[in-house]
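Heads up: the sequence lines are chains A, B, C and D, in that order.
Per numbering that gives the first Met the number 0, the first sequence runs over residues 0 to 178.
Per numbering that gives the first Met the number 0, the second sequence runs over residues 0 to 276.
Per numbering that gives the first Met the number 0, the third sequence runs over residues 0 to 86.
Per numbering that gives the first Met the number 0, the fourth sequence runs over residues 0 to 383.
Derived from the structure by calculation, the hints contain no laboratory data.
Remember, predicted model here, so these are calculated numbers, not experimental data.
By construction, the Cβ of each residue, glycine as well, lies at the ideal position given by its N, Cα and C atoms.
Incorrect hints may have been included.
Computed list of lysine to aspartate or glutamate pairs in DMTMM-like fashion (alpha-carbon distance at most 25 Å, straight line) [unchecked claim]:
| # | chain 1 | residue 1 | chain 2 | residue 2 |
| --- | --- | --- | --- | --- |
| 1 | D | K373 | D | D250 |
| 2 | B | K200 | D | E240 |
| 3 | B | K11 | C | D8 |
| 4 | B | K54 | D | E240 |
| 5 | D | K165 | D | E93 |
| 6 | B | K200 | B | E254 |
| 7 | D | K373 | A | D147 |
| 8 | D | K241 | B | D22 |
| 9 | B | K201 | B | D243 |
| 10 | B | K221 | B | E254 |
| 11 | D | K200 | B | D51 |
| 12 | C | K61 | C | E81 |
| 13 | D | K200 | D | E275 |
| 14 | B | K273 | D | D61 |
| 15 | A | K163 | A | D147 |
| 16 | B | K273 | D | E275 |
| 17 | A | K81 | A | E109 |
| 18 | D | K371 | A | D147 |
| 19 | D | K213 | B | E21 |
Away from chain C, derived, C-beta distances all over 12 Å, residues of chain B [unchecked claim]:
| # | residue |
| --- | --- |
| 20 | G49 |
| 21 | I111 |
| 22 | P148 |
| 23 | T155 |
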Amino acid sequence: MSRQEIRLSGFGGQGIMTAAHILGKAAALFDQRNVTLTKSYGPESRGGASSALVIMADEDIDYPLLTKLDLLVTMSQEAYTKYIGELSSGGLLIIDRDLVQLDQPRDDIEVRSIPSTRIAADELGRKIVANIVMLGFLAANTDAISKDGLKESVLKSIPKGTEKLNISAFETGYGYGSQ
Amino acid sequence: MNEELSNVLISKEHPMDDYLREDRLPHIWCSGCGLGTILTSFVSALQKSGLDRDKVAVVSGIGCTGRAAGYLYLDGFHTTHGRAIPFATGLKLGNPELKVVVISGDGDLVAIGGNHFIHAARRNMDITVICVNNFNYGMTSGQMGPTTPTGARTSTSPYGNHEPPFSVPYLAAASGATYVARWTSLHIRRLEDSILEALNKKGFSVVEIISPCPTYYGKKNKMGSALQQMKYYHENSVIRHGSDPAESGIDLGGEIVVGCFINKDKPTFLDSQKRSV
Amino acid sequence: MKLWRKPLDQDRVMIPHGEVHIIIERCKGCELCVTYCPCDVLEMSRIFNAKGYSLPQVDGSKDCVICGLCEMICPEFAIYIEEVSHG
Amino acid sequence: MANNGILQGSFFMDGDTACAEGALAAGCRFFGGYPITPATEIAERMVLRLPQVDGTYIQMEDEIASMNAVLGASWGGARAMTATSGPGFSLMMENLGLGIMTETPCVVVNVQRGGPSTGMPTLVGQGDMMQARWGSHGDYEIIALAPSSPQELFDLTIRAFNLAEKYRTPVLVMTDETVGHMSERVIIPPPEEIEHYPRRKPDVPPSADYLPYKSEPNSVPPMACAGDGYRVHVTGLTHNEKGYPDTVNLDVQQQMLERLINKIQHNKDDIIELHEDQVEGADIVVVAYGISARTAARPIRLAREMGLKVGLLKLVTVWPFAEERIRELAPKIKAFVVPEINMGQIVLEVERCAAGQTETILVPHAGGGLHKTKDVLATIKKFA
C-alpha cells in the first residue's frame, strides 16, 4: 500500500495527540510500516486547536509533512473549519457528529460520522475515552490500519488498570462503524 | 646585596609547599593583599580537616581571587567569570565523593555569578564557598562592584558609589545557606577555625572574608596601605556570633560585624533527590 | 614578651625558642609579620630582594616563642619558624 | 527493557525522546539543563530515566549554569550532556569555549527553532549552523552532527558521546524542532551492539611532574579527572602542558591552539560522515543536512523521474565541513543546490569550496516550516 496521510484534529484535552500516537505506533510497530507522526504546536496548552498528522507508507517517507490528505478525523468545529480544505478529492472525512456541523459541504469527499463523545460519556461512563471510541470507528472505516494492530497499540499505550474500559471503547467504536 | 639579613635563616622551601604549586610562586597578588593569608588559613584548615586531599577539588572563577585554584596543589579548576558555582555543582554531582570548594571574589560570586550563588544556596548544594571581599574588582584595576559601600570611590564611581551594596552573609542566609560566617584576613586563627567548620558542614556553607586591596580600593578611598587597612579591621571589627545577618551591612568607614551567623542542618540537594525518587 | 600578668609557674616553664626562616624571592615587604609579631622579634631590614621589596629580619635582642603568627599572616608563604633544638 | 535500565527493541517515539534514550545508551549519567521549547522533552525524559540508571539530573537556574554544570560533571568523571534551543544556545556559547579550551568531553544538543531572538519557539529552523561553528569567541574547531530523523537522533547522540570522548571536546548535535517533535519507529539495538568509546585515563601514575596537556602534535591527551589523584590544574587561560596559565608566551599559545585545532582537522576522515546517493555522475548535487536533507529526497526523486541526473550529498557531520569532497565534486557538476532553513549559512561553505568551479545555489527558507517540494525541484530543474 502506498503513502497515506491521516490528520486527527480537535481541541486540546480531547486526547487527539494520544490517539495519533496510538495510531502511529500501531502502524509502525504492529503493521510494520514506515510512519511519521508530526504535531501542530501553538503556544496554548489547552483549548486551542489540536492536530496531528500521521503519514504511513511502505516505502521511505521522503517528505514528512502534508502532501495529499487522504483522511481527516475531526472532533471540533474549529478544526473542521481549519482543515477541511486540506482534504483531497476522494478523501474520507470522519467527524464527531455532536461536535461538528458540516457547514462547508463538499461533494467530492465521503463523510462518516459517530457521536463518539456521547457514546463515551453515556454508554461507557467516561468522556475521556472518546478518542479511543473514535479510533475504533476509524479502524472500521479504513484499510490503512489493521484492527488487531490498532487494538494492540491501544493496550500498549494506556495506563495500567484501564484496559477493560479502553478495549470496550475501542470495540464500541468499531462496532458502530461496522453497522 | 652587600649586607646580610641579621639573625634569620635563608630558605627555599616553606612547610606548606606540599599543598602549593610552589613552582608558580611568588603569586601574582599585590604586596599586602589578603589573598595569600586567606590561602594559608585554608590550607591550614584543610590539613586539620582530615579530608583526603585527593578528593578535594577547588573551583575558582575570574578575578584576583579567581587565581586561588591555580596555587593550590589539589585538583583545581579556573573557570569563567561568575561560573565557579555551577561548575562546582556539576563536579559534585558528577562525583559525589568529592569535597568541592569554591574560592572566588565578591564580584565573581555575587554580581555576574549572583544568580548561581542564590540558587546553589536555595537547593543546598553540598559545596563550600569562600568569598573573598575586597569591595572592588581588583584584577581589572579597581572598579565598583556589588559589595562596594555607598559613597566609596572606585574607577567607575569617581564621585562616590551611589548604589547600595549587597551584604554577602545576608544574601547567603536569605537564600538558604546552612553555614554563614564572616571574618577579615586579620582574624587568621578564627578564620581557620571557621573554614574548618565550613569544610565539615554538609550543605551550602559560605565564609566571607573581608580583605584589603591596597593597590586600588584602599588607595582610592584613602585607607592607606594594607597594613593600615588591617589596623582598620582591628579597630572596627566587632565579633557577634549568631547575630542577625540582616544587620551585617558594611558602611564606608563603619564597623564590620564578623562571626558565625548561621549554622544549621538541613537536607542537601542529593539527600532530597535520593529521597524523592 | 608582653604579659598581662606573671604566670605563677613562669620560672619552671621552658619557653621554646624559634629560628626565623625567610624565603627571600617570595617576600613582598608588606610588613605584616613585623607589625603583628607579639614579641616584636622582627624588624624591617634595609635589604631589598630582586624585585625591590625590603625584607624583614630578627632583632637579636628578642626571642621568638614560636607562636606562628607571622607564618599565618604572611600572604606570601615567605616566612616560617622552626624550633631551636635543645639537644 | 534490558536489565541495566537501557531500552532495547522497537519503539514509536519522538526525536527528543530518542535523543535522551541515545544518551542513556551511550552511558550518559548526568544531565543539567533549563527548560526551553522545543528541547524540553529531552530534559523531561532524562529526569524520568536517569534515576533508573543511577544517573543525576539537575535543572539549573539558566543555560549558562547548565553548560558549566555539564563541564563540571564531566571532570567529575560522568558522561554529561545538556539540551537547549536558540536562546539557550546563545547563553551557552562562552562556556562551550571553556569546554573546548579545557578539552572537556560532553554533548550539547540544540533543537533549533525559528529565530533570531525568541523567534518561533514551536516551529522549525536551521539558523544556528554558523553559530555552532563560530559562536564562542576565539579560534577553535568544533564537531557538529545533524540528524534527519528520530532514529538518527538516537544514533548520532551515541556517536556524539563517543566522538566527545575520543577527541576530548564538546560535540554538538544540531537537530531541529521537526525532528525533535516527530515520532517514528526507533530501533534500539542490544547493548553489545552499541559502540562505547571509554574515557582514556593517563597510563602513568600520579606525580608532581605529570603533564595533563602533554603535547604530541595533533594528539588528544588522556584525561585525569578530579579525584583520580593527579591533582590537575584546569584553566580557561592559555596554558602549558602542565596545565598552568601562561598568558604572555606566544609559543605556548601557538602550540596549544595548533593542537586544539589539529586534533580535529587531522582526524577529519574519522569524524566526517557523509551519506551519498547517486552523487557520482550527477549533474546537480543537492547538499543538505538535518531535516532539509529529508525534504530534499522528494524533489530529487521527482527530478530523476524527469530524467535529470541529481545526487544527494547529506552532511551527517556538518562541522568539520566536508571541504575535500565538495572540492572534488565541484569541477564535475553543473551546480550545487543547497536547501537550508535559513537565509544562507552552510551554502557559504559550499561556495567557498566550489571556488567558482561550479554554480552554488541556495534554496533559502526563513524558518517556521519545511521547504516546499516544488521550490527545491524548480531550482534543480533550472540548473540541470
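Each hint, compared with the structure:
Distance restraint check for D:K373 and D:D250: the Cα-Cα separation of roughly 55 Å exceeds the 25 Å cut-off, and the hinted pair is therefore not satisfied. Of the supplied pair hints, the one linking B:K200 and D:E240 is violated, its CA atoms being roughly 36 Å apart against a limit of 25 Å. Restraint check: the Cα-Cα separation between B:K11 and C:D8 comes to about 39 Å, which exceeds 25 Å; the hinted pair is violated. For the hint pairing B:K54 with D:E240, the CA-to-CA distance comes to about 23 Å; that is within 25 Å, so the pair holds.
Under the criterion of a C-alpha separation no larger than 25 Å, the hint pairing D:K165 with D:E93 is consistent with the structure, at around 23 Å. Note on B:K200 and B:E254: the hinted pairing is violated, with a Cα-Cα distance of about 28 Å set against a maximum of 25 Å. Annotation: proposed proximity of D:K373 to A:D147 is violated, straight-line Cα distance about 38 Å (limit 25 Å). With a C-alpha separation of about 11 Å, the suggested pairing of D:K241 with B:D22 holds against the 25 Å cut-off.
A distance of roughly 22 Å separates the Cα atoms of B:K201 and B:D243; the hinted pair therefore holds under the 25 Å criterion. About 17 Å separates the Cα atoms of B:K221 and B:E254, which keeps this hinted pair within 25 Å; it holds. Proximity of D:K200 to B:D51 is assessed by CA-CA distance (about 21 Å); at most 25 Å being required, the pair is judged to hold. The suggested pairing of C:K61 with C:E81 holds, with an alpha-carbon distance near 16 Å, which does not exceed 25 Å.
The suggested pairing of D:K200 with D:E275 is violated, with an alpha-carbon distance near 37 Å, which exceeds 25 Å. Note on B:K273 and D:D61: the hinted pairing holds, with a Cα-Cα distance of about 23 Å set against a maximum of 25 Å. Between the alpha carbons of A:K163 and A:D147 the distance comes to roughly 16 Å, so the proposed pair stays at or under 25 Å and holds. Proximity of B:K273 to D:E275 is assessed by CA-CA distance (about 48 Å); at most 25 Å being required, the pair is judged violated.
Proposed proximity of A:K81 and A:E109 is supported: the alpha carbons are some 18 Å apart, at most 25 Å. Restraint check: the Cα-Cα separation between D:K371 and A:D147 comes to about 36 Å, which exceeds 25 Å; the hinted pair is violated. For a cut-off of 25 Å, the pair hint linking D:K213 to B:E21 stands: about 20 Å separates their Cα positions. Every CB of chain C lies more than 12 Å from the CB of B:G49, the least distance being 20 Å, so the non-interface label holds.
Even its closest Cβ contact with chain C, about 26 Å, leaves B:I111 beyond 12 Å, as expected for a residue assigned away from the interface. Non-interface call for B:P148 relative to chain C: holds, since the shortest CB-CB distance, roughly 23 Å, exceeds 12 Å. No Cβ of chain C comes within 12 Å of the Cβ of B:T155; the nearest lies about 26 Å off, and the non-interface call holds.
When held up to the earlier numbered hints, the structure conflicts with 1, 2, 3, 6, 7, 13, 16 and 18 and fits the remainder.
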